[in-house]
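Add chain V to chain R, keeping to what the hints say.
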Amino acid sequence: MKYVIIGNSTAGIAAIEGIRTIDKSGDITVVSSEKHHCYGRPTISYYLKGDIKREDMLYRPVDFYEKMGVKLMLGETATEINTADKQVVLKSGKNVEYDKLLVATGSRPFVPKMDGIDKVKKVFNFMTYDDMLALESVLAKDKSVLVVGAGLIGLKCVEGILERVRSVTVVDLADRVLPSVLDSEGAAFVQNKLQERGIKFVLSDRVTEFAEKYAKLKSGMEIPFDILVIAVGVVPNAELVKDAGGDCNRGIVIDAQCKTSLTDVYAAGDCAEGYDSSIDKNRVLAILPNAYFQGRCAGINLAGEENSFEIGIPMNAVGFFGLHVLSAGVYEGECLQEKYKDGYKKLFVKNNRLVGFILIGNIARAGIYTSLIRNKTDLNTLDKALLFDEPQLMAFSEETRKCKLARMV
Amino acid sequence: MKRIYVNENCCLGCKLCEYECMFAGSGLDEMFKLKGKLDRYVPKIKVEGDDGVDVHFAVNCRHCTNAICVQSCIAGALSKSDDGMVVIDKNKCVGCFTCVLVCPFGAIMPDASGKAAQKCMLCTDNGRDMPTCVKYCPNGAIVFEERD
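Sequence lines, in order, name chains R and V.
Heads up: the first sequence begins at 1 in the numbering used here, then just goes up one per residue.
Heads up: the second sequence begins at 410 in the numbering used here, then just goes up one per residue.
Isolated chain R (complex conformation) (with noise of 0.2 Å):
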């Protein structure tokens, strides 16, 4: 059996352990156009801060690829998938032959079309080792940094980046920061923790107009800066298949074993869109997590044993200088909430099911709620006050807590 996995990410990596629980010697080529050794890709803040070393970034051992007996071919981009041939067609004119094929070829940035950005003489992205090598080699205590996109990407940059810049100004459309992750709330903590820092934002805006060191904003103000960094949001990598006339949206549609639309043909992680059980329906979820949940399944079902994955959910833990927020499902229905000086509990539950929940601050044991949400636990079935005081097994019944406890899992 010939695999051929596009892309050397998260669901790539999965796919390769999901592919080895099952074939331990199919021959398993990964391609690749960039050039490392498979990294964390949301390490690379952490780099910048200061907080890991270069060496610790990786996702997988030194030697993953060789005891997984898995052929590189790094810095190759794949062009086309040739299903008639069962080939990918690669921009190096190589071409590779597959029985079974994974896309996992990720996203990239969305850089909207804006006035006078050819002006600019360099703009940064923040998705890469290598975005994060180029963003490194201009940082200096001198330099005033613009962040456009007060996202996940932009904000963990703009934490890896502050104490290496002079100044930081972050401008976005949305009315609060981490508007796809929080509610008002929430992001005012998060705000005021990097205000704190001295952090400057700008919201509600957007730039009109860039010149080669300062942007124009909608509002008229101008700011100043010696680097530019645009994190707007990204978009799925899904040409191949769609140009290999596979069923696509804004992403790779897939099913809930990861196939395409495409025969031998399977997709996962930020590329795809796959079921996303808080809201019954196919979307991109671009969150690490869930590249690794797909890629395995994905992995499991090109090895030719059925696997599916069905409880996908938006979910994310992120931090900013000591503050964490934990995240997952959708807030809707009633809201069960309590504060705290530095944060706050929000848990949402309708019809009888924890369907969503953010803290701030104290994120002891959320997973408890997590693994409710992804689960549709009926509530009825727990001591409800117990469980929404805080996140503990003693709202389980008796025997489930022996399921639990007292046998292997």
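Treat the hints with caution; some may be incorrect.
[As the list claims (entries may be wrong)] Simulated DEER-style distance windows between Cβ atoms:
#1 Asp-438(V) - Phe-110(R): 33 to 41 Å
#2 Arg-449(V) - Phe-110(R): 39 to 47 Å
#3 Asp-27(R) - Lys-499(V): 31 to 39 Å
#4 Met-1(R) - Ser-435(V): 36 to 44 Å
#5 Leu-421(V) - Glu-196(R): 44 to 52 Å
#6 Ser-435(V) - Glu-196(R): 27 to 35 Å
#7 Asp-27(R) - Ser-435(V): 30 to 38 Å
#8 Ser-435(V) - Arg-407(R): 26 to 34 Å
#9 Ala-521(V) - Lys-53(R): 20 to 28 Å
#10 Lys-499(V) - Phe-110(R): 30 to 38 Å
#11 Gly-536(V) - Pro-224(R): 50 to 58 Å
#12 Ser-25(R) - Arg-556(V): 41 to 49 Å
#13 Lys-544(V) - Ser-25(R): 41 to 49 Å
[Stated by the list, open to error] Calculated pairs, BS3-like style, for lysine-lysine (alpha carbon to alpha carbon, straight line, at most 27 Å):
#14 Lys-341(R) - Lys-446(V)
#15 Lys-499(V) - Lys-53(R)
#16 Lys-404(R) - Lys-544(V)
#17 Lys-404(R) - Lys-446(V)
#18 Lys-384(R) - Lys-404(R)
#19 Lys-71(R) - Lys-489(V)
#20 Lys-524(V) - Lys-193(R)
#21 Lys-544(V) - Lys-402(R)
#22 Lys-424(V) - Lys-384(R)
#23 Lys-24(R) - Lys-489(V)
#24 Lys-91(R) - Lys-53(R)
#25 Lys-424(V) - Lys-143(R)
#26 Lys-499(V) - Lys-67(R)
#27 Lys-49(R) - Lys-424(V)
#28 Lys-524(V) - Lys-346(R)
#29 Lys-411(V) - Lys-67(R)
#30 Lys-424(V) - Lys-528(V)
#31 Lys-499(V) - Lys-49(R)
#32 Lys-404(R) - Lys-489(V)
#33 Lys-499(V) - Lys-489(V)
#34 Lys-53(R) - Lys-411(V)
#35 Lys-424(V) - Lys-402(R)
#36 Lys-411(V) - Lys-141(R)
#37 Lys-200(R) - Lys-143(R)
#38 Lys-524(V) - Lys-341(R)
#39 Lys-402(R) - Lys-524(V)
#40 Lys-524(V) - Lys-200(R)
In case anyone wonders, no lab produced these hints; they're calculated from the structure.
If you're wondering where the values come from, they're calculated on a predicted model, not measured in any experiment.
A virtual CB, placed ideally from N, CA and C, is assigned to each residue, including glycine.
Frame of chain R; chain V shown alone:
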């Protein structure tokens, strides 16, 4: 692989396991020396059940077969050892706490520094010959054995 299992019918909620766990992780030579320094250590085992209730039990890492923490770790800091133990590499952990977000047992937590996660590694990381919570539980409520 041998794992830790608990029997809540034998647990009085004395929390000796929590102290033994902190002691084992502290590097101190006598447990009483934790006195006055308890805020510097976080036990990797948690006893549930308040004073005044009858039910108590201890919870620590279950070393799940398909460990969701390992699958979710953004840094590759969590992995499975060859014998199935879930291992954390503190040098790689960036303290994002995605593992805390996903562990269905609430068995992984920030360490005392708040900058990295910590979890039970069955006392293989602190020079004990067996899990110290098991060894010193006076009631046999925590055992270390092979089960299906």
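Here is how each hint holds up against the structure:
1. Asp-438(V) - Phe-110(R): 33 to 41 Å: Distance hint for Asp-438(V), Phe-110(R) is violated at roughly 57 Å.
2. Arg-449(V) - Phe-110(R): 39 to 47 Å: holds (45 Å)
3. Asp-27(R) - Lys-499(V): 31 to 39 Å: holds (36 Å)
4. Met-1(R) - Ser-435(V): 36 to 44 Å: Once the Cβ atoms are compared, 51 Å apart, the range 36 to 44 Å for Ser-435(V) and Met-1(R) is violated.
5. Leu-421(V) - Glu-196(R): 44 to 52 Å: holds (45 Å)
6. Ser-435(V) - Glu-196(R): 27 to 35 Å: Holds: the Cβ-Cβ distance is about 33 Å, inside 27 to 35 Å.
7. Asp-27(R) - Ser-435(V): 30 to 38 Å: Violated: the Cβ-Cβ distance is about 50 Å, outside 30 to 38 Å.
8. Ser-435(V) - Arg-407(R): 26 to 34 Å: 31 Å Cβ-Cβ, so the 26 to 34 Å window holds.
9. Ala-521(V) - Lys-53(R): 20 to 28 Å: The hint (20 to 28 Å, Cβ to Cβ) holds, given that Ala-521(V) and Lys-53(R) are roughly 22 Å apart.
10. Lys-499(V) - Phe-110(R): 30 to 38 Å: Since the Cβ atoms of Lys-499(V) and Phe-110(R) sit about 35 Å apart, the hinted range of 30 to 38 Å holds.
11. Gly-536(V) - Pro-224(R): 50 to 58 Å: holds (57 Å)
12. Ser-25(R) - Arg-556(V): 41 to 49 Å: Since the Cβ atoms of Ser-25(R) and Arg-556(V) sit about 32 Å apart, the hinted range of 41 to 49 Å is violated.
13. Lys-544(V) - Ser-25(R): 41 to 49 Å: The hinted range 41 to 49 Å holds for Lys-544(V) and Ser-25(R), with Cβ atoms some 43 Å apart.
14. Lys-341(R) - Lys-446(V): holds (24 Å)
15. Lys-499(V) - Lys-53(R): holds (12 Å)
16. Lys-404(R) - Lys-544(V): Measuring from Cα to Cα gives roughly 21 Å; hence the hint holds.
17. Lys-404(R) - Lys-446(V): The hint is violated at about 32 Å.
18. Lys-384(R) - Lys-404(R): holds (19 Å)
19. Lys-71(R) - Lys-489(V): holds (23 Å)
20. Lys-524(V) - Lys-193(R): holds (17 Å)
21. Lys-544(V) - Lys-402(R): holds (21 Å)
22. Lys-424(V) - Lys-384(R): holds (25 Å)
23. Lys-24(R) - Lys-489(V): holds (18 Å)
24. Lys-91(R) - Lys-53(R): Violated. Lys-91(R) to Lys-53(R) sits at ~33 Å, over the 27 Å cutoff.
25. Lys-424(V) - Lys-143(R): violated (53 Å)
26. Lys-499(V) - Lys-67(R): With a Cα-Cα distance of about 23 Å, the restraint between Lys-499(V) and Lys-67(R) holds, given a limit of 27 Å.
27. Lys-49(R) - Lys-424(V): With a Cα-Cα distance of about 38 Å, the restraint between Lys-49(R) and Lys-424(V) is violated, given a limit of 27 Å.
28. Lys-524(V) - Lys-346(R): Holds, at about 24 Å.
29. Lys-411(V) - Lys-67(R): holds (26 Å)
30. Lys-424(V) - Lys-528(V): holds (17 Å)
31. Lys-499(V) - Lys-49(R): holds (17 Å)
32. Lys-404(R) - Lys-489(V): holds (19 Å)
33. Lys-499(V) - Lys-489(V): Distance ~14 Å between Lys-499(V) and Lys-489(V) Cα, so the pair holds.
34. Lys-53(R) - Lys-411(V): violated (34 Å)
35. Lys-424(V) - Lys-402(R): It holds: about 19 Å lies between the C-alpha atoms, which stays within 27 Å.
36. Lys-411(V) - Lys-141(R): Outside the cut-off at roughly 53 Å; violated.
37. Lys-200(R) - Lys-143(R): Distance ~15 Å between Lys-200(R) and Lys-143(R) Cα, so the pair holds.
38. Lys-524(V) - Lys-341(R): holds (21 Å)
39. Lys-402(R) - Lys-524(V): violated (33 Å)
40. Lys-524(V) - Lys-200(R): holds (25 Å)
When held up to the earlier numbered hints, the structure conflicts with 1, 4, 7, 12, 17, 24, 25, 27, 34, 36, 39 and fits the remainder.
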